[in-house]
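> What follows is the residue order along each chain.
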Amino acid sequence: MSPEAPPVLAAPFQDDVTARIARLDEARRDPLLHVDGLWKVFGAKSDRIMGTPEAELSRRELMAKTGCVVAVKDVSFDVAPGEVFVVMGLSGSGKSTLVRCLTRLIEPTAGQVTVAGQDITTASDAQLRELRRRHVAMVFQHFGLLPHRRVIDNVSYGLEIRGAGKAERRARAQEMVDLVGLSGNENSYPDQLSGGMQQRVGLARALAVDPSVMLFDEPFSALDPLIRRDMQNEVIRLHHEVGKTMVFITHDLQEALKLGDRILIMRDGAMVQVGRPDEVVGAPADDYVRDFVSDVPRSHVLTLRWVMRDPRPDESLEGPVMGPDTVVRDAARRVLDSADPARVVAGQQLLGVVDRADILRVIVAEESPS
Amino acid sequence: MTTVAERPAASAAPEPPPAPGQPKPEPVRRTGLVLAAILGIWVLGWLFLQGSATLPLGRATLTDFQAKLNDLRAAFDAARDGNFFLEYVVGGISDGLEAFVVGAQDLLSQAAFPRPVPEIGWLGVVAIGAWIAYALAGLRSTILVGASLVSFGVLGYWSESIDLLIVTFTAVLIAVAIGIPLGIAMARSRVVTAIVTPILDVMQTMPSFVYLLPLVLLFSIGPSAAVMATLIYALPPVVRITAHGLRTVAASTIEATTSMGSTKAQLLRKVQLPMAKRTIIVGVNQTMMAALSIATIAALIDGPGLGEPVIEALQTLDIGAAFVSGLAIVIMAIMLDRTTTAASQRAEAERRSARYDPRRRRIGLVGGSVLAAVCVYLSRSYLWAADPSNLPDLGRPLAEAAGAATDWFTDTFSGVTGAIKDGFTYGLLNPFQSLLADSPWWLVAAVLLAVAFVLGGWRPAASTAVCLAVILAVGLWQDSMVTLTMTLVATVLVMALAVVFGVWMGRSKGADTALRPLLDAGQTIPPFVYLVPALALFGTSRFTAIVAAIVYAGPAAIKLVADGIRGVSPTTVEAAESAGSSTLQVITKVQLPMARSALVLASNQGLLYVLSMVVIGGLVGGGALGYTVVSGFSQAQLFGKGLAAGIAIVALGIMLDRITQHTAARQGRR
Ligand SMILES: Nc1ncnc2c1ncn2[C@@H]1O[C@H](COP(=O)(O)OP(=O)(O)OP(=O)(O)O)[C@@H](O)[C@H]1O
Ligand SMILES: [Mg+2]
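Going down the list, the protein sequences come from chains A and B.
The first sequence runs 1 to 370 under the working numbering.
The second sequence runs 1001 to 1670 under the working numbering.
The hints are simulated quantities; they were obtained by calculation from the structure and are not laboratory data.
Note that this is a predicted model, so its numbers are computed, not measured.
Keep in mind that a hint or two might mislead.
[As the list claims (entries may be wrong)] Simulated crosslink set (SDA-like; lysine to any residue; CA at most 25 Å straight-line): (1) B:K1277 x A:T52; (2) B:K1264 x A:A27; (3) B:K1264 x A:N185; (4) B:K1277 x B:R1190; (5) A:K258 x A:G181; (6) B:K1264 x A:R150; (7) A:K244 x A:Q141; (8) B:K1264 x A:E160; (9) B:K1277 x A:H142; (10) A:K258 x A:E107; (11) A:K166 x B:R1190; (12) A:K244 x A:A27; (13) A:K244 x A:I363; (14) A:K45 x B:A1194; (15) B:K1270 x A:K258; (16) B:K1270 x A:R228; (17) B:K1270 x A:G163; (18) B:K1277 x A:G181; (19) A:K244 x A:P12; (20) B:K1270 x A:P147; (21) A:K166 x B:A1194; (22) B:K1270 x A:A27; (23) A:K166 x A:L179; (24) B:K1264 x A:G181; (25) A:K65 x A:E107; (26) B:K1270 x A:L24.
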């Protein structure tokens, strides 16, 4: 953000957030992870259901009729390199199944998954192993650590199975242990660590193989709220430092909003909405999503884009300049301090203005929900 | 042993909550009424028809079928040098095992011609044993093993003890070599599991005694038959527990490592086997204890080892000698059990301890091996270190003391023990036996079928029908009914014990901590040994066999009941107490009913344990089928009859097992 208020349109203005959004949108044309029409139906003869009218039935009807469960129903999305893509939904909505289908830990019933240009769905066992060893790493809710190995040997497991030498393994593992803040614990066994520390081991283990995509399946749901917040910040920090592409599963909306560049909301296996956090909160696709986000403090998520309006003819255009993707809460102080309405600018274009009343409307609306 | 208890019975599942919205007409009381009606009809029938159609068979009489079995043995013996399978496959295995056992005996326990002593004398053997214990299990086990081995010499049973160890270890090595891969295959493949599980079930339902006779057909008698019997009996635990250990490796860990691109082999080697290692060693421990118990009994088919002096002493009623040789078996059981248990705990604990220093351990191992080598050298060069008779002799004085103590006890208390025995025999055993064995066979068969149907439904009734038909066909109906009587009576007593002690242990932590180690120890002791004190107290009689059976089966049943009582939700107990129930009411109205599937499971295990022991009781006057089997070993012309008795025992075992299993399953569903 620019400290001094330059004259409008005089010089191009773009804040970091807007820049990142634009960059990801651009990069998504050549996605790192591409999912197209993915289905997973559990149950006997589940593959016969594809393409028949039965596939259109709701989950409950299908269950009653055929005994099969649709865990993932026609899901498609793209993830740009470097993006944090969050999948969220209630328990049983098919998140875990979806993320496991991405590396075929669960065999998809139909659809296509492409990672870095390679079609996963048709990959041979050996290709799949290679992909899991080098390109995609996963972090699990229940950690899945090896209890008989010390921390350092847990972290180096992925390198070990792909045949890395001992010295290389050790050096890399130590680096990762340091990176996740576990220095000094490398010789402990997992059961000697707290839950949060164990999940750090899980993180380090996933990072150690230097994957291009990291998958997280509710990695922090088993942790206390305080530790969970620490770990979320840790993921944000690691994302800044190593810039990995991440697919992050959670049922915690706060977590989704905090971490996600974009959020996919699932319900009974189907996609309900995909969008940036502010889009999900600002324009819920249906009542299900609306209900979901109704408790979210809107000022913490909505951006100026959602509160700005066209300037009135009599208004001064001397106020501070801000990007359209600045979160209301972050903008509030400066808008409230300024006598003139703030200008919302992207590039050299004035998109609109925001004054005190606009800001207060959002904040007050939260206090007394309609 | 505890091997039988490892079988995952259908009823081992936790008590399911009562299905709501399914009112059932009080099934328990109705079952009781029906059973009482059956009993009434039976007693009436017995009153009027007593003594008719009881199908007795004289001691030396053979039915055609039994004579055919004799011929079968003759045919096998004749074919040994002509038939390809018998000569090369069976013969090859037999020769290989025999060569191995005899070689080990020459090395360790028996005079190796032209030497008057084995290649390695007692000092060397003790040192080697202690070193192995150090390498596998740690310092405490080293001392235990050293002391135990020396005690075998001191008790005067050196070569028999080492022979028994040789047979046991040979069988265990083979069992592990077959069992672990088989367990891995079971854990990986449902097809293998489906094929192997029923075979293991049958292997574990068969009373140990029964294994021996059919093996004689194939392997004749001697060390190789003994090793084969031991191997077959000892195999199931290690297979089952290996498969179980691998299957219970956390799915989340498997998934995590799969997600990283592990191959199947890497998964097995780096994840599943290390994580299941402790469980697998527990399986080896169980296999070892099972092997020891049957290796002692294998003395009946000329297996070398400590079983020989025990049997001899039992048959000559030499309590002193039986006591000392039995003591050596107990020491061996404790030694093997403790050492394998320690081995399973050591690796883990030591690796984790902060003080663990691999260099120091290596020094200890090397130093120990040098020491052992010196001892071996000494034992080859000096007679004092080679011949265990140079050790102080405790065996004889101990035997004399035990004999004298028994004499004194029986003289002093013969009134008491006699009264117990007679009261029990005339008051309970004889009437019940008369009911079973003196009623017409068709009446008893009908009663058994009806009971099986009422308790478990048509499936156990069908099994019962088949088993009874087998018993009829082998021509040993009345003997079988006598054995069944002893089994049922002993089981009732076992269950009474199990309920009393199990409830006590289930309700009191203190009682549990005090009794459980005793029960565990009791379960590691080979069944044979229980005959000795029973014989000392009660002489040869059916009652003696029953006492031994109760002592043998008690621990397993008590533990099952205790676990069942403990498993009752404390909230429910608390609720009952807060509603003002007395202790007795809590026990009879809450804890016992809620633990009923544990009770049925305990009866199932109790029945099988009791049956196997009642049969062994044939050695101490138990009579009936057990006696017939024993005579089959010792008299060639009775071999066929013994084998027939073995078949009848298996039929009884399967019948009792099916009935209780299905009853348990019903209880669980209720
Ligand atoms: N192996 C399976 N066989 C049959 N049905 C399954 C299987 N795994 C999952 N399901 C069903 O698929 C649906 C989606 O399950 P999934 O575990 O993917 O949900 P989830 O969103 O991860 O839930 P949670 O938040 O509880 O982890 C559920 O209805 C579940 O019962
Ligand atoms: Mg899940």
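> Take the C-alpha atoms of K1270 (chain B) and P147 (chain A), compute the straight-line distance between them, and say whether it is at most 25 Å.
This hinted pair holds, its Cα atoms lying about 11 Å apart.
> Check the hint pairing K1264 (chain B) with G181 (chain A) against an upper bound of 25 Å on the C-alpha distance.
violated, 32 Å
> Holds or violated: are the alpha carbons of K1270 (chain B) and L24 (chain A) at most 25 Å from each other?
Violated, at roughly 40 Å.
> Just to be careful, I want the Cα atoms of K1264 (chain B) and A27 (chain A) compared with a cutoff of 25 Å; is the pair within it?
Status violated; Cα separation ~37 Å.
> Taking only the CA atoms, is the gap from K1264 (chain B) to R150 (chain A) under or equal to 25 Å?
holds, 22 Å
> Between K1270 (chain B) and A27 (chain A), is the straight-line Cα distance small enough, at 25 Å or below?
violated, 40 Å
> Is the Cα-Cα distance between K45 (chain A) and A1194 (chain B) 25 Å or less?
holds, 23 Å
> Between K1270 (chain B) and R228 (chain A), is the straight-line Cα distance small enough, at 25 Å or below?
Status violated; Cα separation ~31 Å.
> Holds or violated: K166 (chain A) and R1190 (chain B), Cα atoms, limit 25 Å.
violated, 37 Å
> Holds or violated: K1264 (chain B) and N185 (chain A), Cα atoms, limit 25 Å.
violated, 30 Å
> Is the hinted pair K244 (chain A) and P12 (chain A) satisfied, with a Cα-Cα distance of at most 25 Å?
violated, 30 Å
> Within 25 Å, alpha carbon to alpha carbon, are K1277 (chain B) and G181 (chain A)?
Distance ~32 Å between K1277 (chain B) and G181 (chain A) Cα, so the pair is violated.
Against the hints set out earlier in the document, violations occur for numbers 1, 2, 3, 10, 11, 13, 15, 16, 18, 19, 21, 22, 24 and 26.
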